[in-house]
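Engineer: These are the residues of each chain, in order.
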Amino acid sequence: MKIKTTFVGVASFLGMLLVWPHMPSMAQEVPAHAITNVTIHMADGATLERADIVWRNGIIEQVGVDETIPFDAFVIDGGDSLHVYPGLIDGMATWGSPEAPRDLPRLENPGKPPYDRAGAQPQRVPEHYLNEDKALEAAMKAGFTLVALGLDGQMLPGHIQPFNISAPKLTQAHAFSDPLALQGSFETAPGGWGSGAYPSTQMGVMAYFRQLMYDATALQEHMMYFEKHSEMTQPEQNEVLEALFPLVNKEQPLYFEVDSKEEIERLFRLQDEFGFDVVLVSAKEASALSTELKARNIPVIASLDVTDMPDWLEKENKEAKKDDEEGSESSEEGDSEDADYSEDAESEDLTEEELMFRSKQKEAWEKELNNVSALLEAGIPTGFTSAGLNPKELQQKVNLVTENSPLSMNDIIELMTVNNAQILGISNRVGTIKEGNSAHLILTDGPLFEKGTNIHIQVSQGVINDFMED
Amino acid sequence: MNNILTTLLILAVFSIGSMAQDKGSVLIQNTTLMTITDGIIENGDILIVDGIITAIGSDLSAPSDVPVVDGTGKYVMPGIIDAHSHLNTVSTNEARNPVTAEVTMEESINPNSVSIYRALAGGVTSIHLMHGSANVIGGQGETLKLRYGVSQDEMRFDQAKRTIKFALGENPTRVHGQGNGIQPRTRMGVEQIIRSHFDEALDYRIQREAYLAAKEAYQKDRRGRIAPPVPVAKNLRYDVLNDIIDGDILVHCHSYRADEILMLMRVFNDYGIKNYTFQHANEAFKVAPEIAKNGAYTSVFADWWAYKFEVYYSTAYNATILNENGVTNSINSDSNELIRHLNHEAAKTVRYGETSEADALKMITINPAKQLGIDEMVGSLEIGKQGDVAIWSGHPLSIYSKVEHTYIDGKKYFDLIMDPVDMRISVDSDDSYTDTGFNNFIQGREEDSCMSDVFELIQQ
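So the protein lines, in turn, are chains A and B.
Basically this note's numbering = 1-based index in the first sequence + 8.
Basically this note's numbering = 1-based index in the second sequence + 10.
It is worth saying that the hints were derived from the structure and are not from the lab.
Only true hints are included.
Derived lysine-lysine pairs resembling DSSO-like cross-links, with alpha carbons at most 30 angstroms apart: (1) A:Lys442 x A:Lys459; (2) A:Lys400 x A:Lys142; (3) A:Lys375 x A:Lys329; (4) A:Lys258 x B:Lys230; (5) A:Lys120 x B:Lys244; (6) A:Lys258 x B:Lys225.
All values derive from a computational prediction rather than experimental measurement.
So here's chain A without its partners, still in its complex pose (with noise of 0.2 angstroms):
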């Protein structure tokens, strides 16, 4: 299926851009779009039957039943049956981001790499490196409409930025703002033995970014300094610990990437080091330090990529199911002695260490699934992140952690739209269907994450994705 774009010249898109907020003087000039006769969805689940939705400019004018469709409206009728959501939003993703060079060249001294070479490029900002990605379209289809990117990278790979997602090549005209945080993980220096540098180890990440952080504090120092004494020596310039300013300052969250409690443990470390706000991305483990989350005001964007039920215990419940089954059938036929016997027979090959093993694994697992819902109930603000996953898989996730945890389908899109937006601090202009936020929507055939619903249109800063057509 093509994605086609249906609104937007060139012209228009950009004059969209500039009347972004209000202006009202102008709103006029650019013709309106609507939705009507469909069943709104809001965030928290409530719905709006028979509503209609208009637009203009890419900001919502009119949400509500009846609503009085301005003349010059391109109109899409739902015709009763079709769903419109807030569009989804992805709390981190690196769609578009070039690759990570490979086949480095070695280092003369691997001990002091340039700064890319250790993994610290945080002046990178996303606008300027996307490329085109096919992830983005299938983004696009799967019902998100607005991404925070980040980019492919190491310790600090760059800086987080969102974008609307209407084309599969984005670039600044589709920044929805600024960047609005730092990227941070613990990933070691790009290479192997060969090429590789310092810091090659996590105590190496960590020591590596405590000396940029006091080699960017004594550059800001020296730099207002200079503002005052231009007789003194000049600064030199830097632009990767310029980057690192905002971080210093505490003006802008880092946003790690971090899975095991022992290495958000170690993150708190360079937290309480320097004090400034982080965001928890991925964050399999996260609810093991509820209580520290709280205390620190840490909001967590959780990965959606929950890890598959363990092999041997699909085959225990499908068993288990099979016997139900069987039992009551074979009950009628007399029969169900032999079953019996060679359940008991399977188990015994079982050591009563794999067992333990089993019984410890199991505990994980739906800790793990039930990561999401353990920080809800703690009061941390949460979100998701797709993690890079196809529209085909982030639709068995979903299912996977719906069937296995307190969380609704409601609930995740509540955490993929207003939640994300919350966290993202964008909060005041998207996750919710409203009038004055921006026009970021899906239209479906059905409820959102069901089996057999389609995704028709998607809607985002006010631009038409239909792909129905042809």
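Once you've looked at the hints, dock chain B against the given chain A.
Structural biologist: Just chain B now, kept in the frame of chain A:
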């Protein structure tokens, strides 16, 4: 039935974890007390209350809520301390620079490694978790108590002295000289790496202090006459090196040959550095009087050598000769297998060199405690010390003896009778039962575990 038993055992294990930071109490009665610092007490009692040894004697009584253990026929000795271990590191070597004083094993602790439990089963209560030997000046070490089931932070030995790893000889020259074509390529180069980095650190300190003083003057000057200084950034690596020079960090130096041992003592005398330990030190016996004269310590293997060229000239009498020359010597494992029977390693000094049993036991208790700066708190059975002890079925130097209980802070972490079949405390959702490396952990002595992750790096 099996499943119920399993669940109960799991509950027992996890309750160890959740309460681990609590200190425990226990009264062990009518037993043989190997005090280490005050001889052997027959038919004695030892009382630990809230983690501290409060009484040693006979016919002791305890409050009613304190568990009592009958020690008849058994031996109680302080928990074994291993002065050289990589037992539960996340990574061991930050091997991409010859000097990495800024990294610390405090940030490389894996509290979930089952090897911790296995060490407890050998009566070990504390280890010195060390950086590897790839670098001339490696990372800082971390002394841990083996409280299996707690967080990485809760494993740290409170108030232990800071330590750091140095390494001489083949490993750093192989990794950096031959591997990357940078200094050090030779033993001479190793010495110069140490000297030049200490000198740079001292220069940095002068510049940094001058900057801080000038900054203060600038900030106080309200008339605007004083010019601001060019900032000198805080330097983590040099700060640590200065802490070594100031005596705040104890050096533990991987070394084998006598000549390099003498070299390091000369260098340290030049910089006024004291209280350091030579690790491995297979040729230390050749220069034992010189080591004693400098007040340096040694921490050696009982009888392990010939795994690389610089380790061929070795003897099983090393520990005994050092001990006879008045050097405070310990026996270490540097191995997740050996750590389970360090008592045998200490016993070898009796077998080979006729070291006294009392001195042999010191080599795995109070002596390593001194080398780690924790001898005021552990390493012997003394009133006021921490309740880190093990109950042995027989004399601890006997090949037939087993550890029955291991206590840390008076809390029981190992019990031979209650030893469950699976002691993993961290299982991942996607771990495979057979592929997790859990079941094939010991295949004899690990070759050069100091360098383990460097070899992995090279293979990548």
